[in-house]
Amino acid sequence: MKRVVILALFIVLLLSFTMVWNASYQAGQEGAYIPLEKQEEQVSIPSEKGVFERANFAMDYTKMPIDETHQRSLKNYYQNRAYHGAPPSIPHVVSDERNMGGKACLKCHENGGYVEKYGAYTPLTPHPEKVNCLQCHVVQKTKAVFEATRFEKSTVPKTGANKVLLSSPPVIPHQIQFRENCLACHAGPAAPKEIRVSHPERVNCRQCHVLNNKEVSDIENFVRK
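All residue numbers for the sequence shown refer to our numbering, where the first residue is 750 and numbers rise by one.
Honestly, I wouldn't trust all of these hints.
[Said to hold, decoys possible] Taking lysine-lysine and the DSS-like style, the derived pairs with C-alpha atoms no more than 25 Å apart in a straight line are:
id, residue 1, residue 2
1, Lys942, Lys812
2, Lys856, Lys866
3, Lys852, Lys866
4, Lys890, Lys824
5, Lys879, Lys890
[Stated by the list, open to error] Label pairs and their calculated CB-CB ranges:
id, residue 1, residue 2, range
6, Glu878, Trp770, 26 to 34 Å
7, Pro918, Gly868, 28 to 36 Å
8, Tyr867, Leu785, 51 to 59 Å
The hints are simulated quantities; they were obtained by calculation from the structure and are not laboratory data. Since this is a predicted model, take the numbers as computed values, not measurements. Even for Gly, the Cβ is constructed at its ideal location relative to N, Cα and C.
With the sequences and hints as input, model every part of the structure.
As structure tokens, this is what we get:
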């Protein structure tokens with residue numbers, strides 16, 4: 750009788766173990782589930798985000814008449830830079846030198862407009878989200894403050910000369926970092942007349958215009974020196 754009870758218990762334990770093992774095995778066959786994190790929808794190419802954000806102004810530029818009297822020239826555009834590709838200096842007095850991180854500059858340079866005091870149109874910033882302007886842009890000083898140096902400016906690319914074919918769209922002769930909004934320099938009344946685009950409503954600029962890698966490499970090597 751004792752042997753029968755022991756055998757019965759053994760059988761019960763064996764069946765229990767089999768059921769538990771089988772349930773564990775079946776659970777292990779289920780596909781692993783990895784919860785996906787919700788990501789923001791990417792509606793534009795990251796490197797071109799700026800121009801797409803300013804696309805609302807593109808149609809305004811097509812209807813805007815050209816003010817021949819107050820046009821900015823390409824010569825003036827480059828004179829305001831230490832070298833080709835450098836951030837432009839500030840050609841006017843900055844009343845509050847300690848205004849770092851504020852939005853004082855954006856009051857004029859975010860949407861532009863004509864400034865009677867300077868007799869010119871305000872250039873737009875291609876990166877209005879970066880409000881620490883004085884980190885890169887410095888106020889101009891008189892030449893008497895600095896001693897002469899042997900610093901030589903890099904060669905500025907000629908307008909319209911960087912084409913593969915005569916009818917090809919010109920390539921982009923500069924880096925696009927911090928210059929993602931092409932319309933800031935190439936459209937509107939503050940744009941230099943030599944590089945003002947005739948079709949600002951076509952905001953997907955890099956669909957036709959490609960980067961000139963050789964020119965960009967030359968600039969990067971020049972800056973490193």
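Evaluated hints:
A distance of roughly 16 Å separates the Cα atoms of Lys942 and Lys812; the hinted pair therefore holds under the 25 Å criterion. Straight-line distance between C-alpha atoms of Lys856 and Lys866 comes to about 15 Å, which keeps the hinted pair within the 25 Å bound. For a cut-off of 25 Å, the pair hint linking Lys852 to Lys866 stands: about 20 Å separates their Cα positions. A hinted pair counts as satisfied when its Cα atoms are at most 25 Å apart, and Lys890 with Lys824 qualifies at roughly 19 Å.
A hinted pair counts as satisfied when its Cα atoms are at most 25 Å apart, and Lys879 with Lys890 qualifies at roughly 24 Å. Here the CB-CB span from Glu878 to Trp770 is close to 59 Å, at odds with the stated 26 to 34 Å. Checking the proposed 28 to 36 Å range against Pro918 and Gly868 shows it holds: the Cβ atoms sit about 34 Å from each other. Take Tyr867 and Leu785: their Cβ atoms lie about 53 Å apart, and the range 51 to 59 Å holds.
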